[in-house]
Amino acid sequence: DAGITQSPRYKITETGRQVTLMCHQTWSHSYMFWYRQDLGHGLRLIYYSAAADITDKGEVPDGYVVSRSKTENFPLTLESATRSQTSVYFCASSDIWDKNTEAFFGQGTRLTVV
Amino acid sequence: KNQVEQSPQSLIILEGKNCTLQCNYTVSPFSNLRWYKQDTGRGPVSLTIMTFSENTKSNGRYTATLDADTKQSSLHITASQLSDSASYICVVSDDNYGQNFVFGPGTRLSVLP
Chain U
68 DAGITQSPRY
78 KITETGRQVT
88 LMCHQTWSHS
98 YMFWYRQDLG
108 HGLRLIYYSA
118 AADITDKGEV
128 PDGYVVSRSK
138 TENFPLTLES
148 ATRSQTSVYF
158 CASSDIWDKN
168 TEAFFGQGTR
178 LTVV
Chain X
3 KNQVEQSPQS
13 LIILEGKNCT
23 LQCNYTVSPF
33 SNLRWYKQDT
43 GRGPVSLTIM
53 TFSENTKSNG
63 RYTATLDADT
73 KQSSLHITAS
83 QLSDSASYIC
93 VVSDDNYGQN
103 FVFGPGTRLS
113 VLP
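Here the protein sequences line up with chains U and X, keeping their order.
Residue numbers 68 to 181, in our numbering, belong to the letters of the first sequence in order.
Residue numbers 3 to 115, in our numbering, belong to the letters of the second sequence in order.
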């Protein structure tokens, strides 16, 4: 199916463990983004990627690592999960960096760190 | 600091009624303003995108307005339906390329039968 998909939808992990959230898009969009959504806050950008092998930090990158070896995949890794990283994570993609271009969001991954 | 504020925080209306959601921003330089609808447990879905020169844009029963001078936007929903129950998020781009988003906290709308 065409679109942007995230996996898993729900994840519970323990403090200190490494966890990877997956994001896959079928449009061959150049740009991909990772956001986190917390109660009382708007979505905040963690990392983004302009193309394969090109990534850059967003507003809240600490504790996260990303890679983009293929255009369609943009995994987000929490190297050593902390309770403050309990959140809902959204992946998004867009075709080009343009003020009228649509950005499409995945369904989200709800991560709980215990 | 670039910020987007939305009001009210939450709103309850009866099915069939109209409502208006507000967005104020202090984002500069302004590139565009978007309204997204986010159903519970889902990702945001775009409703409208407006650039500096546009002051009204419609998408079905949704009409967004933009006043770039006062840095205010509104989203008007006409003849509400139960399926309109969702969070509505105002998003402003703060760079010339338009994809560096500043998200508002959202307004939670509940439409009751």
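No lab work stands behind these hints: they were computed from the structure.
Treat the hints with caution; some may be incorrect.
[As the list claims (entries may be wrong)] Short, incomplete list of chain U residues facing chain X, as computed with Cβ under 8 Å:
id : residue
1  : Tyr-77
2  : Leu-110
3  : Ser-116
4  : Ala-118
5  : Ala-119
6  : Glu-169
7  : Phe-172
8  : Gly-173
9  : Gln-174
10 : Gly-175
11 : Thr-179
[To be verified] Taking CB as the label site, the calculated pair distances span:
id : chain 1 : residue 1 : chain 2 : residue 2 : range
12 : U       : Arg-76    : X       : Gln-24    : 29 to 35 Å
13 : U       : Arg-84    : X       : Ser-55    : 33 to 39 Å
14 : X       : Thr-53    : U       : Ser-95    : 22 to 28 Å
15 : U       : Thr-82    : X       : Gly-18    : 46 to 52 Å
16 : X       : Ser-85    : U       : Glu-169   : 17 to 23 Å
17 : U       : Val-132   : X       : Ser-55    : 21 to 27 Å
Positions of the beta carbon are idealized from the N, C-alpha and C atoms, including for glycine.
Status of each hint after checking the structure:
Annotation: U:Tyr-77 was flagged as interfacial toward chain X, and the flag is violated, the nearest CB pair being 10 Å apart, outside 8 Å. A hinted interface residue such as U:Leu-110 counts as satisfied when its beta carbon comes closer than 8 Å to some beta carbon of chain X; here the least separation is about 4 Å, so the hint holds. This hint is violated: U:Ser-116 has a C-beta 12 Å from the nearest C-beta of chain X, more than the 8 Å allowed. Using the Cβ-Cβ criterion of 8 Å, the hint placing U:Ala-118 at the interface with chain X is not satisfied: the shortest such distance is roughly 14 Å.
Interface hint at U:Ala-119: violated, since its Cβ lies 18 Å from the closest Cβ of chain X, which is beyond the 8 Å cut-off. Taking 8 Å as the C-beta contact cut-off toward chain X, the hint placing U:Glu-169 at the interface holds, the least distance being around 6 Å. Interface hint status for U:Phe-172: upheld, as the beta-carbon distance to the closest one in chain X is roughly 3 Å, under 8 Å. Restraint check, U:Gly-173 versus chain X: the minimum CB separation of about 5 Å is within 8 Å; hint holds.
Satisfaction of the interface hint for U:Gln-174 is found here, the shortest Cβ-Cβ separation to chain X being roughly 5 Å, below the 8 Å cut-off. With a least beta-carbon distance of about 5 Å to chain X, the hint placing U:Gly-175 at the interface is held under the 8 Å criterion. For U:Thr-179, the shortest C-beta to C-beta distance to chain X is roughly 15 Å, which exceeds 8 Å, and the interface hint is violated. Here the CB-CB span from U:Arg-76 to X:Gln-24 is close to 32 Å, well matched to the stated 29 to 35 Å.
The hinted window of 33 to 39 Å between U:Arg-84 and X:Ser-55 is violated, with their beta carbons roughly 50 Å apart. Under the hint 22 to 28 Å, the C-beta atoms of X:Thr-53 and U:Ser-95, about 26 Å apart, fit the expected range. Between U:Thr-82 and X:Gly-18 the C-beta distance comes to about 49 Å, which sits within the given range of 46 to 52 Å. Checked against the given bound of 17 to 23 Å, the beta carbons of X:Ser-85 and U:Glu-169, roughly 21 Å apart, stay inside it.
Between U:Val-132 and X:Ser-55 the beta carbons are some 40 Å apart, a value that contradicts the proposed interval 21 to 27 Å.
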